[in-house]
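Line by line, the protein sequences give chains U, R and H.
In terms of the numbering used here, the first sequence has 292 at position 288, counting the first letter as 1, and numbering is strictly consecutive.
In terms of the numbering used here, the second sequence has 170 at position 163, counting the first letter as 1, and numbering is strictly consecutive.
In terms of the numbering used here, the third sequence has 136 at position 2, counting the first letter as 1, and numbering is strictly consecutive.
Calculated from the structure, these hints are not laboratory results.
This structure is a prediction, so every number in the text was calculated from the model and none was measured.
Hints should not be assumed to be uniformly reliable.
Unchecked claim - With beta-carbon atoms standing in for the labels, derived distance ranges: (1) Ala100(R) with Phe257(U): 34 to 42 Å; (2) Gly25(R) with Pro298(U): 42 to 50 Å; (3) Thr25(U) with Val202(H): 32 to 40 Å; (4) Gln124(R) with Thr25(U): 35 to 43 Å; (5) Pro367(H) with Lys86(R): 28 to 36 Å; (6) Arg311(H) with Asp226(R): 35 to 43 Å; (7) Leu133(R) with Asp141(H): 51 to 59 Å.
C-beta atoms are modelled at their ideal positions from N, C-alpha and C, and glycine is treated no differently.
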Amino acid sequence: MKEFLSFIKKEFRHIFRDRRTILIVLVMPIVQIILFGFAVSTEVHDARVDVVGDLADPSVRQTVARIDQNPYLHVTAVLGSVAEVAERFRAGKSDVAVCFERNFDERLRHYDKAFIRILGDGSDPNTAQMIVNYVNGVLSTVQSELSASEGTQTASFPHVQYMYNPAVRSSYNFVPGVMGLILMLVCSMMTAISIVREKESGTLELLLVSPIRPVGVIVSKAIPYLALSLINLVTILLLARFVLGVPLRGSLFLLAVMSVLFILASLGIGLLISVVSATQKTALLISGMGLTMPTMIFSGIIFPCESMPVILQYVSDIIPAKWYIIMVKKIMIEGVGFSYIYPEFIILLVMTLFLLVVSVRLFKRRL
Amino acid sequence: MNENTDIIIVEQLTKKFGNFTAVDHISFRVHRGEIFGFLGANGAGKTTAMKILCGLSLPTSGGGTVNGYDLCREQEKIKRHIGYMSQKFSLYADLKVWENIRLFGGIYGLSGKRIRQKSDEMLRYLNMTDLRDELVGDLPLGWKQKLAFSIALIHEPAIVFLDEPTGGVDPETRRLFWDLICETAEAGTTIFVTTHYMDEAEYCDRVSIMVDGVIADLDTPAALKQRHQAADMDAVFRKLAYQAKRE
Amino acid sequence: MGAIEVDEVSKRYGTCQALERVSLDIRAGEIYGLIGPDGAGKTSLFRILVTLLLPDSGHARVEGLDVVKDFMAIRRRIGYMPGRFSLYQDLTVAENLDFFATMFGTTVADNYENIREIYSQIEPFRDRRAGKLSGGMKQKLALCCALVHRPTVLFLDEPTTGVDAVSRKEFWNMLYRIREAGVTILVSTPYMDEASLCDRISLIQQGHIIETGTPAAIVAQYPHRLFGVSGHPAYPLLKYLRRRNDLLRCFSFGSEHHVAVAPGTIAPDELQTQIRAAGFSDATVHEIEPNIEDCFMELAKKERQKA
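Same shape as in the complex, but just chain U (with noise of 0.2 Å):
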């Protein structure tokens, strides 16, 4: 017991006195959470409207104030004709077309269908999709209003909502993925670092020779990295919370179990990679090509993995990063309890055990 403190004890202190390593940890998750928070928001500010229609139409006019009163749009021109569309949208004057039929008004009140075109510059999918739904919003709005007024009921629009993040906040989807990134590059480059650097300056042969059981080196080397991991935890959820606005809807209880879980299963991938790798450097490339990339990509941060080839989806199974993140999204946004997540949890847990036995396993105690 008194060696694992002393270990534990001497983890603390290289990880004090190494001031570079220590700021880079504990500030890296509020620069992350700032720089996707505010830099790389997928989000669309001021998407410029063009109007295909005759303004004279009550019901067009009507529609338009709307769409222009929203603060993601505002409308920019009226154009006598769609074939004009096409070029404005070459000019990048402008990135959505909404298109009314001809005499809109007339046959909304006497057939109940009218139709509305929209017309996206689909040459960035992701801002279009975006810059279509905030539209959509607009129309659906415009159209209970309408059927509220008349007493009919219209049918000419689709009907969107996004239940848990009706304004459609690109934060709610990477605040849980910056958690995942963050626990894994901490736990999993750090710890791997930290014991391939011990074979680096050949303190690791000493701590072989000694009576220590190699379960005590990975069980101290491990705990000050879960220490800062959850410093981490607490930084992002509060950022998350108060500066971003991310709900905290679930347990709080519950999402410190799935991390300190998720935790555990960095730190096997960080000891696999001291493993493999013989010097620092190949430990960080392996941790920073091997895990934050793929984490990134297959994690649903940026792409969400609906959408990728199903042999890629099938890929992204295997990373616990994935499951974590779904869990901190329902635990998180959706406010469900333990009972609606427990596969992934399961999940999580056989990956976090394999990983741990693996590793602990193929730790040597020979060089």
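Please arrange chains R and H on chain U, whose structure you already have, making use of the hints.
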């Protein structure tokens, strides 16, 4: 100052790191064509001084010239006109013998034709013609060091700096390496060498011994032995180094 | 029973035969030197003996314990100082020592007497980071860390490599003190002059033990007469001596050249006259005792001729 007879002229050279004076106002000269032994205990300031002489570090104060180039203002020229070999970094282990020669020839700006010519010459001299396609990492340590030394001379520098060139080599290879050094000196190249083997100090024309950042003594091995009434250079070194105070 | 017994141990890495059927028998309480250049297999043998590496074949025992089966018991009773400085550079002197004491289930206070001699020399710097120590002090700290749990066998892998002559002498004095306490010491070194400081030695070259015995016995077996030749200029003199085909081998040893001659072929004064006649007017020749380095070169040459 006479740059025709002295290839290294150092005056009051000083290097401080914070409030620690690693090299403390040293002055000395190295004559053209001699083998100059640069000895000192660990931490005496040897490495720091050598870095300045090779143009890798700037002195805090004082200065001097190497092959006529100023230590403070002409570092790039110094680097181009000296040869350098250390036990720690010498050649790329994952490149073949001839690839290493071509690489360093290229670094020092030799033409392709000149490199080929030099490389044939060098391999013939070292008896390594059959080994040109071997990876340097697969060569025995002794061969590696001879090759590294010859490559350090590929651009025919007037002076070559050798930083502990023979550490850990077996006794015979170590002596064969010194034969190579003596041959090179006979051909007119100045040799500036550090070593922990005191018998090697005897092979030098003149030897300086650094203690605590200053040059405690500098002379021919024979004169040093006589002055300090010592039987060999090992005893001279110990007498001087025991005066060291700093840690 | 020997303190360390090595029986026909071989170890191979890929195509490189690091150790080939190496056998040693080291007695309790002696300083045993393993002398050989880099790459001779010294470190591989050390790692096998401190249970860090498994031999491909052969057996080894440390105080009667098998290095493969009883590795945990061995680890408790040995001290090991690896080839390069292997302490935590970012921890202070005292922190390093405390840490290693605790890892071996003991404390510095309990064993202070055991390390007092050496530790007292670095204790004034107890709060300095290990990375900021001079070479000699690092070495003393490493020795303290290896001794802090009172090992009965001490393995020192090239403790003096890269260390200056003064620190080397001090280090050997410390080893003698440790030996007085009954500790068996196996030490490796590439410096041939350190061989004579050991009780017994083995010379190792390319994975083979080429000779074993006391330094005096090894020197006594030298087969030739040896002359020390000095004169100026030294290097041309060496070349002159090598050109003569009545001399067996010529190598420079500091200010002298050592010249091996077959017994009964030429006398020192005869050689001196001839050398002076060849233009080296201040040359002197006298008969000398060979040292370990002469013997090593002779034995290594024989080994090469065998292969």
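These are the hints, each one checked on the structure:
1. Ala100(R) and Phe257(U) have their C-beta atoms about 55 Å apart, which leaves the hinted 34 to 42 Å range violated.
2. The supplied range of 42 to 50 Å is met by Gly25(R) and Pro298(U), whose beta-carbon atoms lie about 45 Å from each other.
3. Checked against the given bound of 32 to 40 Å, the beta carbons of Thr25(U) and Val202(H), roughly 39 Å apart, stay inside it.
4. Checked against the hint of 35 to 43 Å, the pair Gln124(R) and Thr25(U) fails, with Cβ atoms roughly 51 Å apart.
5. The given range of 28 to 36 Å is respected by Pro367(H) and Lys86(R), whose C-beta atoms sit roughly 32 Å from each other.
6. Taking 35 to 43 Å as the suggested C-beta distance range, the pair Arg311(H) and Asp226(R) conforms, at roughly 36 Å.
7. In this structure the hint that Leu133(R) and Asp141(H) lie 51 to 59 Å apart at CB is violated, the actual value being about 41 Å.
Of the numbered hints given earlier, the model fails hints 1, 4, 7; all others are met.
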